[in-house]
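Asker: One letter stands for each residue in the lines below.
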Amino acid sequence: MTPALVCEDLVKRYGDKTVVDRVGFHIDEGEAYGLLGPNGAGKTTTISMLVGLLRPDTGSVRVGGIDVAEDPVAAKRLVGYVPQEIALYPDLTARENLRYFGRLHGLPRRALTARISEVLDMVGLSDRGDDKVDTYSGGMKRRTNIAVALLHRPRLLILDEPTVGVDPQSRVAILDRVEALVAEGMSLLYTSHYMEEVERVCTRVGIMDRGRVVADGTKRELVAELGGTDRVELVLDGDVNAAAEKLRAVEGVSEVAVTGSSSLRLLVVGGRHLLPGLLSAVAEAGAVTGVEVVEPDLEAAFLHLTGSTLRD
Amino acid sequence: MGKSTVRALLVVGGHELRSRLRDGTAPLIALVAPILLATLFGLALGGDGDPPLKATIGVVDLDGGEFPASVQREALNTDELKGVLTFRQYPDEGAARTAVDSGESGAALVFPAGFSDGVRAGRGGQVAVLESPESPLAGVVARSMVDRISALVEARTLAVRASLDAGVPADRVQLFVEENGAAGPTLSLAGDPVAGGPVDLAVHYGSGMAVMFAFFVVGTSARSLLTERQNGTLDRMRAAPVPLWTALVGKSAVGFGLVLVSMCATWLSSVLIFGVSWGDPRGVFLLVLAHAFAATAIVMLVASRARTDAQADGYTLGVAFVFAFLGGSIVPVYNLPDWLRDVSLVTPNGWMSAGLSELAGTGAGPSAVLVPVAVVTGIGVVAGALAFLRFRKGRFA
Numbered sequence: 015m016t017p018a019l020v021c022e023d024l025v026k027r028y029g030d031k032t033v034v035d036r037v038g039f040h041i042d043e044g045e046a047y048g049l050l051g052p053n054g055a056g057k058t059t060t061i062s063m064l065v066g067l068l069r070p071d072t073g074s075v076r077v078g079g080i081d082v083a084e085d086p087v088a089a090k091r092l093v094g095y096v097p098q099e100i101a102l103y104p105d106l107t108a109r110e111n112l113r114y115f116g117r118l119h120g121l122p123r124r125a126l127t128a129r130i131s132e133v134l135d136m137v138g139l140s141d142r143g144d145d146k147v148d149t150y151s152g153g154m155k156r157r158t159n160i161a162v163a164l165l166h167r168p169r170l171l172i173l174d175e176p177t178v179g180v181d182p183q184s185r186v187a188i189l190d191r192v193e194a195l196v197a198e199g200m201s202l203l204y205t206s207h208y209m210e211e212v213e214r215v216c217t218r219v220g221i222m223d224r225g226r227v228v229a230d231g232t233k234r235e236l237v238a239e240l241g242g243t244d245r246v247e248l249v250l251d252g253d254v255n256a257a258a259e260k261l262r263a264v265e266g267v268s269e270v271a272v273t274g275s276s277s278l279r280l281l282v283v284g285g286r287h288l289l290p291g292l293l294s295a296v297a298e299a300g301a302v303t304g305v306e307v308v309e310p311d312l313e314a315a316f317l318h319l320t321g322s323t324l325r326d
Numbered sequence: 335m336g337k338s339t340v341r342a343l344l345v346v347g348g349h350e351l352r353s354r355l356r357d358g359t360a361p362l363i364a365l366v367a368p369i370l371l372a373t374l375f376g377l378a379l380g381g382d383g384d385p386p387l388k389a390t391i392g393v394v395d396l397d398g399g400e401f402p403a404s405v406q407r408e409a410l411n412t413d414e415l416k417g418v419l420t421f422r423q424y425p426d427e428g429a430a431r432t433a434v435d436s437g438e439s440g441a442a443l444v445f446p447a448g449f450s451d452g453v454r455a456g457r458g459g460q461v462a463v464l465e466s467p468e469s470p471l472a473g474v475v476a477r478s479m480v481d482r483i484s485a486l487v488e489a490r491t492l493a494v495r496a497s498l499d500a501g502v503p504a505d506r507v508q509l510f511v512e513e514n515g516a517a518g519p520t521l522s523l524a525g526d527p528v529a530g531g532p533v534d535l536a537v538h539y540g541s542g543m544a545v546m547f548a549f550f551v552v553g554t555s556a557r558s559l560l561t562e563r564q565n566g567t568l569d570r571m572r573a574a575p576v577p578l579w580t581a582l583v584g585k586s587a588v589g590f591g592l593v594l595v596s597m598c599a600t601w602l603s604s605v606l607i608f609g610v611s612w613g614d615p616r617g618v619f620l621l622v623l624a625h626a627f628a629a630t631a632i633v634m635l636v637a638s639r640a641r642t643d644a645q646a647d648g649y650t651l652g653v654a655f656v657f658a659f660l661g662g663s664i665v666p667v668y669n670l671p672d673w674l675r676d677v678s679l680v681t682p683n684g685w686m687s688a689g690l691s692e693l694a695g696t697g698a699g700p701s702a703v704l705v706p707v708a709v710v711t712g713i714g715v716v717a718g719a720l721a722f723l724r725f726r727k728g729r730f731a
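Protein sequences appear in the order of chains A and E.
So the number in my numbering is just where the residue sits in the first sequence, counting from 1, plus 14.
So the number in my numbering is just where the residue sits in the second sequence, counting from 1, plus 334.
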């Protein structure tokens with residue numbers, strides 16, 4: 015079966031700076047692929063090239079077997095793109111926004127009217143479809159943002175940080191809807207800051223850092239790379255930076271990241287056995303008020319691969 | 335261009351037009367403002383002061399020779415100034431200055447003592463012009479007369495010097511020169527010396543406002559392009575299965591259309607309110623069409639350098655006012671200093687002004703404005719090509 019998306023050796027430079035550096039991955043038909051990476055990793059630039067908004071300096075993108083550079087219009091017909099920002103007209107109603115973008119996608123008037131009702135129902139906004147978007151909550155705007163991308167029944171849905179700034183209730187509603195779409199057979203590319211969202215929705219994950227895909231595989235494959243490494247979360251009343259320095263010197267500690275004003279995340283081999291050594295190492299820097307040893311997970315894999323936390 | 339592309343352009347254009355109508359910018363900037371200002375200017379400044387067809391020019395003849403008298407006689411006999419020009423004599427420059435300042439005369443020419451002898455002997459001579467900002471058109475006529483006198487004096491001086499160099503005795507030079515075609519002054523003011531002058535001020539301000547507001551009208555489309563980029567809706571449009579330039583071209587087309595409507599409405603209002611004619615309607619429409627195109631391309635070019643919608647507004651405002659001033663849309667071209675008159679032809683406004691002067695001032699047909707139309711269209715093509723390249727770079731197209 016033709017993959018929903020294949021990108022190879024994508025490079026994008028701005029002057030001397032290489033923002034995307036030989037990025038390549040593929041998404042199979044009906045597969046949900048997550049792209050994880052901190053701010054500035056190059057995720058949005060990569061997506062811009064995938065949806066035909068930006069021309070790569072080198073490399074190729076094929077959507078459903080169609081080369082985006084050769085036939086961008088045909089390739090874009092297969093893609094539903096949900097940008098990171100709320101890309102809607104605030105002075106129009108959701109229905110008017112949907113009608114405009116639907117017509118831009120070439121949907122016939124009569125079919126469009128019925129489809130608008132369907133997607134409004136899909137995102138749970140049937141009763142607010144005739145209200146102006148600027149009267150919506152953040153979550154409702156996000157749902158409308160997604161609804162626009164669903165109008166033309168795309169084969170591949172690309173969601174760029176779709177839950178930024180939404181309340182927990184709307185986040186759950188969005189994730190439920192995305193899961194349902196994937197279950198119905200839609201292919202998905204999902205980027206997020208939120209590890210738990212990607213873990214929940216995606217079957218395969220690519221980890222991006224400094225413009226490169228540093229790892230690509232199922233959650234099980236990525237975590238297996240850690241071997242016997244555990245993640246340790248430390249809460250400390252004292253100088254976390256000094257504590258981080260002390261911890262790096264402890265044998266068996268492979269990564270240390272400061273995650274807050276009083277918290278640290280460590281990757282250690284044999285976490286439970288090493289715990290006394292860790293506590294004595296930070297004794298001078300402050301008093302430990304909390305410790306958690308977590309079995310290997312995607313968060314630990316990310317720290318292991320990039321040396322940073324996702325929200326750095 | 336495929337059917338789907340045309341349909342996408344219509345969708346973008348329709349959306350843009352509805353937005354402009356909904357937020358009120360289209361009717362305000364395209365219709366109300368230019369028509370209102372053109373009417374107010376026309377009422378306040380048109381028809382008063384020193385109408386071009388009734389100019390009184392003072393003469394101070396300190397020379398008393400043949401030249402000043404001949405100049406006045408010739409001027410009064412030219413077809414263009416017959417029944418238009420009145421000369422009034424003053425004893426000295428002071429009296430003439432007082433008369434010009436008080437408005438008794440629109441301008442004055444001062445022939446210095448010995449002027450005719452100087453010309454006859456090949457030494458040349460200088461005529462001074464006294465003007466008043468209150469009577470610009472009399473000043474134009476006076477200056478153009480002096481230009482012609484200067485040309486004649488120079489020709490005569492050259493002829494005398496050449497004759498002397500050729501060995502003609504000094505006491506026979508005058509006769510020799512006159513016998514050989516450089517007789518007394520022959521004054522011709524046909525056409526160009528007073529270009530721009532004979533146009534009714536209601537026409538001038540009507541066309542000036544139409545030309546200037548063309549930039550503001552397109553400016554709203556340029557602003558909306560920048561706003562869409564800031565809001566992210568531009569990327570959403572570009573991600574749709576349509577060519578990347580659809581949004582840019584769709585919005586520009588609406589800007590162009592609104593400019594056409596705006597300029598034609600201002601033209602029509604000027605005709606209806608003041609009963610004036612801008613000249614042959616086919617010629618006027620050709621000029622309007624060319625200017626609408628050029629204004630659209632120029633505004634899109636300057637907007638392509640903007641990062642925000644507010645910046646686009648600022649750039650549009652700057653270009654519109656600078657072009658309006660330099661191109662004679664506010665102050666008539668004939669009232670500008672010589673060097674600024676040349677600069678005016680760098681702007682489409684200057685060519686519009688020149689073209690409309692031809693049509694309204696001389697009653698010429700559309701063929702008389704082919705050069706202005708070609709130049710203004712050329713300016714539009716160059717600006718449009720540069721704008722498109724810059725927009726591509728800036729992820730608009």
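Note that these hints are calculated values from the structure, not bench results.
By construction, the Cβ of each residue, glycine as well, lies at the ideal position given by its N, Cα and C atoms.
Be a bit skeptical, because a hint or two may be false.
The following label-pair restraints were derived from C-beta to C-beta distances [what the hints assert, rightly or not]:
(1) A:Tyr28 x E:Asp357: 43 to 51 Å
(2) A:Thr72 x E:Pro671: 53 to 61 Å
(3) A:Asp251 x E:Gly652: 53 to 61 Å
(4) E:Val366 x A:Thr149: 47 to 55 Å
What the simulated footprint calls covered on chain E by chain A, stretch by stretch (three residues with Cβ under 8 Å from a Cβ of chain A suffice, anywhere in the stretch; the number is not a length) [unchecked claim]:
(5) 674-686
(6) 708-716
Asker: For a quick check of understanding: which of the numbered hints are violated here, in increasing order?
Answerer: 1, 4, 5 and 6
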